[in-house]
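J.: Can you build the whole structure from these sequences, using the hints too?
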Amino acid sequence: MKPQKTRRVPREAGILAVWVVIMIIFSSLSGHFFTESDVLNLFLNAAVIILLSLGEAFVLLIAEIDLSVGSVLALSGVGMAEAFNHGFTAPGAIFVAIALGGLVGLFNGVIVAYTRIPSFIVTFASLGVASSIPLVITQAVPIYISAPSFSFIGQDTIGPVPLPLVFVAVVFLVLALVLARTVFGSRVYAVGGNREAARLSGLRIRRVVIWCFLLSGLVAGFAGAIEAGRLSSGYPTAGSTTELFDAIAGAVVGGVSLFGGVGTILGALIGAVIVGTLQQGLDVLNVSTYWQPLVVGVVILVGVAIDSVLRGGGLAGVGDLFRGWVALGKGGASSSGRGGIAVLAPSKAGLDGLAGQSGPVSTGQQPAKVTD
Amino acid sequence: MVMSSTGGLAPTPGGGSASRGIQSPLVEARSVTKRYGEMLALKDVSLKVQPGEILGLMGHNGAGKSTLIKILTGAEQPTAGQLMAGGQPVQFRSVADARSLGVVAVYQELRIIGTVSVAENLSYPVLPQRFGFIDRKQLRQDALRTLSGRGIDIDPMLPASQLSQAERQLVEIAAVLSSGAKVVLLDEPTSSLDVEQIERVFNLMHRATAEGVSFVLVTHKVREVLDCADRIVVLRDGHVVAQGARSEFDHERLVAELTGSSGDAERSRGRAQEVVPGAPPPQDAKVPTGTEVTRQHASAKTAPVPALRVTGLVAGGVSHGDLEVDFGEVVGLYGVLGAGRTAFLRALHGLNPVHGGQVVLDGAPFRPKDPADSLEHGLYLLSESRKVDGIIPSMSVRNNQVVAALRSFRHYFGLVDRTRVTAETDSEVERLDIRGDPDRSVGSLSGGNQQKVLFSRLHMAGARVLLLDEPTRGVDVGAKRRIYQVIRDEAREGKAVIVSSSEAEEICELCSRCYVVRKGRLGDVVLSGDALTPDALRLVAVSAEEEVALK
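Protein sequence lines, in the order shown, are assigned to chains C and U. Reminder that position 39 of the first sequence reads as 40 in my numbering, one-by-one numbering, no gaps. Reminder that position 191 of the second sequence reads as 196 in my numbering, one-by-one numbering, no gaps.
Hints in this document: simulated from the structure, not taken from any laboratory. There's no promise every hint is true.
[Stated by the list, open to error] Below 25 Å or equal to it, Euclidean Cα-Cα: the simulated SDA-like pairs (lysine to any residue) are:
#	chain 1	residue 1	chain 2	residue 2
1	U	K392	C	S258
2	U	K392	C	R117
3	U	K374	C	R200
4	U	K48	U	T264
5	U	K392	C	R205
6	U	K392	C	I206
T.: Written out as structure tokens, the structure is:
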């Protein structure tokens, strides 16, 4: 997948390099990390987060956020198990899972598009609803299903490749194509890049918004089905820990901007793989689970920081901050940083010096606010 | 318009860094060169600012004006060359360094904080205090002194958000002056102001020059520099191509220096347009492809049914709007800022609600609903604010061009036909002379080229009635000419065009008729033919303004 042809180095190359470095570090720390079965295993364990990241990318690209994707895992998983128990075939039950995810996405999209409620609030509300319903239905008891036809989606393999990875690959290819090559994809970038400009250009913003949330929900529903298959059960607390944040972090690490308009599906994929790799690697190294979120957090922060520096001036803010401190330390003219009007607290010496050298330069009306 | 007061200083005419005036210049750049990677932004530029003068610094977008401002104010360091202040060599390592010597830039994006009062804005970063609390009385007095001392009549306790754009500009300049600035560099200070307001800013500047403060007026508006500056420096491609006293320049010479087109034909053409405003546009030798055929078509199209007829339109900011435009015609909307031009166009485009009146589009009644619907009916609005709702900075030039026409590039499965996109955007790039890599972000282009991209978007959208709000705002002279030509081409192709502008010259150059918009009313005064002159427009628009002032 090469989304940009004429540009210098695609951004994804840098992110991929980060992943390679992480892989090298882990395999040098642990001899048996980098074996074939482990790599497949790594992807398999990351499959759900990858899917969530890919769907979330569409929502982030239009400068919105979808907090409900984690809870959809539980809703669609339990829904799938219930459907199976009520006589649905396995494909039918999977369809139910996807439809439930789509329903949540559609709800999010319609509310966000037609009201002024921020997506953070709307999807936070649907997170609550979608995580409660499975708990209520099951009374927090997982619905265990032993039938192999139920769990094939999570446990079968094609040759050496686990079926979930095949699905991940298919979803990735479809979504990447949709975003990079279709009219809809172009509209997503336009809406995310400058919503008002897109509106003036005659784009139907609401449609784009609804579709993005719908896609995110559908993909999350599918991820829920895979999760249920892997666990052979509808798990009412699935996705209730760090899945949501892993998904968002994955997309962002992969270069999808939280401010919209920038990012690719390939980037989101690599980003999610990085997040997954970190968790796996720490497990392999027997790092205590208490420490893992800390390490993941630090690595994500550092990774994104390096990325923005490499892309030029990303950390300019840090430089400003530093310069501000230095200026304050000198006790002189503190340029009032951002926001404040650019008034110079006149350093007397400088002014006098100038006046002295250039002859009769009137200092004008100096208001009484010079405090020194 | 009031002319300069130079404080009795004889500006040193022309010349390199060797020639010295009687007084040493406040700030001086000697053979400054600035390189960004492989790009040479400034080459051996020398310039001095004398006490109490207004120096007009002109140049196209990309000529190096911004770089020069940044270097003079310490935001960037020169690759080679020397800065001098008060006759002494200096080095500005930061903006704070330059400020401490009284050299300050005021940029287009003002730094007024809307949520606090004018007085606080003036006083930042140090607020007067008593017992650790802000001394409100002192704050107010200081602010009053600062403002009234400079002839600015603004209540200092007003939240700054209630100020007009011009008032913000005045407050910002006053703040910089009262902080002891000796050299103020103004970056396009008038780009969003109308004639009246520009005068207020100029008055403030002239007042301050009497106290020995100098200004560097960075702009690409030829007229303003000629009206206001004592000396003029013209930059082109990073070089100083001309400098000298104001008296050495006239409109013609300045335009020629700016564009680098010293050809006689070009010059006399520009003149003809100036002298005979409203005359039919001269036929250009180089007509872009495809317009040949449509020219007769255009005259045939000037049929009894007007393209757009608006009667008694009522909307937010518009109390009564009558307007008619035919296919193949360019009509103008002229008025001061806030007169209701933009409100009228936005209402027509379905961005603001319409409360009453009738719109007939191409013979059929039309009710503005939303922009998507308007575009489907063949109505397109080019907004006045390129950065806010014009360009999509994260997308490439190509994608910005096609975004309004995506539907027509759809082929199987909703995929975009990229070969056709490339072909058609390439031909648009050529037609509009867009300079820059079409595969790179549109943000990398200069303002003029960005505006051309928006014209290309408009063209590709295929609309037949074009509403152009300030089509050349913030655009350099070269791009402006090209855009005028493009607007005429659209009309020749049979489009109906409405141009809204606060520049009377622009209206007279482009339009056959002009509606003067006053206090939300449109259609009371229509100038056409010989009556359509810049002076007449200004007179009619301003007489209304005076009525407002009397109230």
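J.: Of the hints given before, which are not true for this structure?
T.: Going through the list in order, the structure violates no hint and respects every one.
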